[in-house]
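Asks: Here is how the chains run, residue by residue.
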Amino acid sequence: MIDTLFAGLIHGSVYALVAVGMSLIFGVTNVANFAQGSLVAVGMMVAWWLGTSLGWGIVPTILAVIVVTGLLGLIMNVAVISPLEGRKPIAALLATIGVGQVLDNGLQIIFGPQTRPFPKLLPTYNLQAFGIRFGTSDVVMVIFAIVSMLGLWAFLKFGKSGQAIRATSQDPDAARQMGIPVKSIRNLSFVIGAVLAGISGIFVGLFNANINPMNGGTIGMTAFVAATIGGLGSIPGAVVGGLVLGVVEALGISWLGDGAHDLITFGALLIILIVRPQGLLGKNTDVRTEPLTGTFLGGGRPISLPWWGNLALAVLALATPFFFSDYLSGVGTQIAIYAIAAVGLTLISGSAGQTILGMAGPFAVGAYTSAILTTRLDWPFLLALLAAGVVAAIAASILTFPVWKLSGHYVAIATIGVGSVMVAIIRLAEPLTKGSLGIQGIPFANVFGQVLYTQQMMYLLDLVVLILALVVVSRIRASHLGRVFEAVGSDQEASEAIAIRTGAYKALAYAIAAFFAGLAGSLLAHQYTYIDPTIFNSNMSLLILTIIVMGGMNSPLGAVLGSIILIGGPELLRFVPDARILAYGVLLVLIILFRPQGLFARKA
Amino acid sequence: MFNLKKALVRASAIVGSIGLLATTAACGLGGDAANAAKNGTADSDTVNIGVIYPQTGQYAEYGRLFKQGFDLAVEKVNADGGVKGKKLGLKYFDTQSDAKQDAAVAPKLVADQSIIAVVGDYASPASAAASPIFQQAGLVHYGFNNSAPTFTDTGDHVWTPQIGQDVYQKANADIVAKSAKKISVVYIENDWGKQAYQYFKEEAAKNGTEIVYESSYLPDSTDLSPILIPARDAKPDAVVDIGYGPDGALVINTLRDKLGYTGPYFGGQETKEFLQLAGKNAEGTIITGSFSATGTQDSKAQQFVKDFNAKYGNNPGNFEVTAYQAIIDLAYVANKTEPTREGIQKGLQTVTDIPLYQGKGGTFKFNQTNRRADNIEPILLIVKDGQFVQYND
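Heads up: the protein sequence lines correspond to chains D and B, in order.
The first sequence: position 98 = 98 (full-length UniProt numbering), numbered continuously.
The second sequence: position 39 = 39 (full-length UniProt numbering), numbered continuously.
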């Protein structure tokens, strides 16, 4: 027991170290930096190279990592984040996702894909307590975490630049009028955050012992959960959150087994958000700020086509399956399926202004519902398709029910938790879902006796569902209900003032989005004929959100365009096989930089 | 006010739409295969095998090993005269072993008439997402790395020469039973690990081996102490891990370095990656495998090891040899029949002396009911002085 607790504390201090950097950036720039984990991986890989190939010691390695990650942080802010200043923070958030992808894949190309042992820059298992061995490395790590926390706190409180950083984060305009060089101050905070990430990378490498250039994603996500548990923006909170998460995971896993790892991590996140939304040490006032809400660029309006334009587009789309080759139709099915999931999201994230980061959850529920109904109960496909949507909507509504009393970015973060918890439950509900084994032998879709077995037939079905989804969503947008969603998204306080129950309307918009995601899941299941929980990962959630950002948050047609680019993109980029995913990340960043309101929306 | 221009645009949009609909009725939804039957197949002096594999992404290390085997095999086939006088080529498609990308790219392989068979992918979910498309098009899907027992259920064009996990895990449980009565088992939480553990557990029960602790772990977990502490505290005679290389190394390193466990360990993977990661902790671990570069008695396999060393400077492992053999197999059956899609399918159904490099070598044939290879026997491998060598008990 005591040994498990102790092991949890050590692991927790790793989380804490990374979370401190994350919280710093969030606190002073209001940017949720999803590339932070990748910067940790940069520090880790650079240290691996210096320590292994050049045999450098700990001190020169740390200095070199500081230089490299510091420069990267500066470049990232100057080239990507600062041009997006003044826009809604969701733009910066998505840009950091693109930067993360570039960094992860860049590291893989530079250093190769293997998992490798991290050089023992400090002794790792030379000490012992409570039946657990640990190393000087762990002791130094804990000291470094505490020192960096105290140092940052003192710097922000008493240092001149530190005070300037805080002033800038509270009100950049006022800070500028007081003569603070806001640009340099922002650069400074990004450099500090990146350097912290880089140094953390060395300690994460020492702790994990086996490292891989693609580790950044997981490191970043867990640190983000830790920072949220502690209270986003609070630096002592990040440390507490990291330690708490480490201990809770250790005890929970010891009790339930590591198969329940995700359920424990994201379940803990959800419980904290519901019981104490601002996190353990966050200030209560944080909850009122809503940096992640609202449309991509305030006032971005979707481009709308006249009725005959829509008709012509629909007919043109419906004609494509008859001309497309198998390959084009195959890509078309994936584009259409993801577009169906994304179209519904324009209602909640576009109109009602609530960013949703967990769409893989309802997507998975839909896929599993349809698969189970057709394979076990022999339901006809069309009925199962409909049931997939309905069950996904109900499951999503029940699980997110407690979330709507939260506000702002906390809802967005909670939906990450809801999405992951849904998939974790599917993995554990073995008698029903066969868990990790997956469900095989799902029949092809059968519409009125016709089995859809070619790519073209499936593509046609996907298009029909997509067009129906577009019609329904457009009608809702034009209806009174749609206007209410818009009102909630434009100004929550004002809506409350005219007696609109904003939480209830957001829940309704989310249920509709979940319904369409469920339909998409069903179509996917009957095309792949095999599903297992690994298909519905957090990348899928991010992808669906990115699709509508790319097209224009509140533009249903934009969602289709976004899907064409983001799903078709990796296929089009096959001519550069090595750098395919890297090029994709660059493309994402460029589009956000040069057309921030979305491709299919015009600036107000 | 009547706007002539606007009306004209509207009218043309509508007329155009109707026209489009009318013309489409002439074409069908039958797909490339149906159209190709009309147009005839492409004729040239090169035939290709399509490869779907993880060139990038989290499984890229396996993709790299596979590619070494594929490239060497194609060189060998062409040096020996190709397939019925035609040159054999490879067409690589990176999927990251991601189901979404497999489903999207599969029709591209189907449409390429120079591709006569498909090998890959690394992971079963990704492979399974592509299978129905190849099955439907009458293109052989040779899932040489897919040991999931349900893999070939998709249809009669889906084959795998991979030893089933039922056979592997029986051998695994038997060797464990020789030295341990009480064991702690951990296994990787995915379709492969779950299935493998079920088979292991069945055989362990038959052997009367008592499992005193069990837990799965997620592939991306970085700290396994919470499950390995109770595994150690259950005082087992041995700890067994059913997983891959990096996680196998994490398990043994945590047990030895962090938790001070000194008893026997069964687990790991026959890759350089595992040996490097586990270092001296790997010493003495025993796993089941299908091939040992230093232990094989088969003459063509010994030649393969020599060629592999000449080209890449190290001994091939199980991943390289299965990839190598996949290409050799397909070329062999194509030579016995004809280098076409139909020929490959017919060859796999009728040829009974397909060259075998794994196990005891010689040849093998397919079991026609489940399209798996029946007569390949697993072997045992032990780590001695930092290398996997064949273990004969």
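Treat the hints loosely; a few may be bogus.
Unchecked claim - Calculated pairs, SDA-like style, for lysine to any residue (alpha carbon to alpha carbon, straight line, at most 20 Å):
no.: 1; chain 1: B; residue 1: Lys235; chain 2: D; residue 2: Gly131
no.: 2; chain 1: B; residue 1: Lys67; chain 2: D; residue 2: Leu572
no.: 3; chain 1: D; residue 1: Lys120; chain 2: B; residue 2: Lys67
no.: 4; chain 1: D; residue 1: Lys120; chain 2: B; residue 2: Asp257
no.: 5; chain 1: B; residue 1: Lys280; chain 2: D; residue 2: Trp255
no.: 6; chain 1: B; residue 1: Lys235; chain 2: D; residue 2: Ile2
no.: 7; chain 1: B; residue 1: Lys91; chain 2: D; residue 2: Ala579
no.: 8; chain 1: D; residue 1: Lys120; chain 2: B; residue 2: Gln276
no.: 9; chain 1: B; residue 1: Lys91; chain 2: D; residue 2: Gly131
no.: 10; chain 1: B; residue 1: Lys67; chain 2: D; residue 2: Trp255
no.: 11; chain 1: D; residue 1: Lys120; chain 2: B; residue 2: Lys91
no.: 12; chain 1: B; residue 1: Lys280; chain 2: D; residue 2: Tyr125
no.: 13; chain 1: B; residue 1: Lys91; chain 2: D; residue 2: Leu572
no.: 14; chain 1: B; residue 1: Lys91; chain 2: D; residue 2: Tyr125
no.: 15; chain 1: B; residue 1: Lys272; chain 2: D; residue 2: Gly112
no.: 16; chain 1: B; residue 1: Lys67; chain 2: D; residue 2: Ala579
no.: 17; chain 1: B; residue 1: Lys272; chain 2: D; residue 2: Gln114
no.: 18; chain 1: D; residue 1: Lys120; chain 2: B; residue 2: Lys235
no.: 19; chain 1: B; residue 1: Lys280; chain 2: D; residue 2: Ser184
no.: 20; chain 1: B; residue 1: Lys280; chain 2: D; residue 2: Gly135
no.: 21; chain 1: B; residue 1: Lys235; chain 2: D; residue 2: Ala497
no.: 22; chain 1: B; residue 1: Lys235; chain 2: D; residue 2: Trp255
Unchecked claim - Chain D is nowhere near these chain B residues, computed Cβ spacing over 10 Å in every case:
no.: 23; residue: Lys194
no.: 24; residue: Gly284
no.: 25; residue: Glu377
Derived from the structure by calculation, the hints contain no laboratory data.
No residue lacks a Cβ here, since even glycine has one placed at the ideal position from N, Cα and C.
Asks: For each hint, tell me whether it holds in the structure or not.
Replies: Each hint tested on the structure:
1. B/Lys235 with D/Gly131: With Cα atoms ~14 Å apart, B/Lys235 and D/Gly131 stay inside 20 Å; holds.
2. B/Lys67 with D/Leu572: violated, 23 Å
3. D/Lys120 with B/Lys67: It is violated: about 32 Å lies between the C-alpha atoms, which goes past 20 Å.
4. D/Lys120 with B/Asp257: Distance of about 13 Å is within 20 Å: holds.
5. B/Lys280 with D/Trp255: With a Cα-Cα distance of about 31 Å, the restraint between B/Lys280 and D/Trp255 is violated, given a limit of 20 Å.
6. B/Lys235 with D/Ile2: The hint holds at about 18 Å.
7. B/Lys91 with D/Ala579: Distance ~18 Å between B/Lys91 and D/Ala579 Cα, so the pair holds.
8. D/Lys120 with B/Gln276: holds, 14 Å
9. B/Lys91 with D/Gly131: violated, 54 Å
10. B/Lys67 with D/Trp255: violated, 42 Å
11. D/Lys120 with B/Lys91: Not OK: D/Lys120 and B/Lys91 at ~42 Å, beyond 20 Å, violated.
12. B/Lys280 with D/Tyr125: Holds - the C-alpha atoms of D/Tyr125 and B/Lys280 are around 15 Å apart, at most 20 Å.
13. B/Lys91 with D/Leu572: holds, 17 Å
14. B/Lys91 with D/Tyr125: violated, 47 Å
15. B/Lys272 with D/Gly112: holds, 14 Å
16. B/Lys67 with D/Ala579: holds, 18 Å
17. B/Lys272 with D/Gln114: This hinted pair holds, its Cα atoms lying about 10 Å apart.
18. D/Lys120 with B/Lys235: Since the Cα atoms of D/Lys120 and B/Lys235 sit roughly 30 Å apart, the hinted pair is violated (cutoff 20 Å).
19. B/Lys280 with D/Ser184: violated, 50 Å
20. B/Lys280 with D/Gly135: holds, 19 Å
21. B/Lys235 with D/Ala497: Distance of about 65 Å is beyond 20 Å: violated.
22. B/Lys235 with D/Trp255: Holds, because 18 Å separates the two Cα atoms, which is no more than 20 Å.
23. Lys194: violated, 5 Å
24. Gly284: holds, 19 Å
25. Glu377: The claim holds: B/Glu377 sits with its nearest Cβ about 26 Å from chain D, beyond 10 Å.
The structure fails hints 2, 3, 5, 9, 10, 11, 14, 18, 19, 21 and 23 (numbered hints given earlier, in ascending order).
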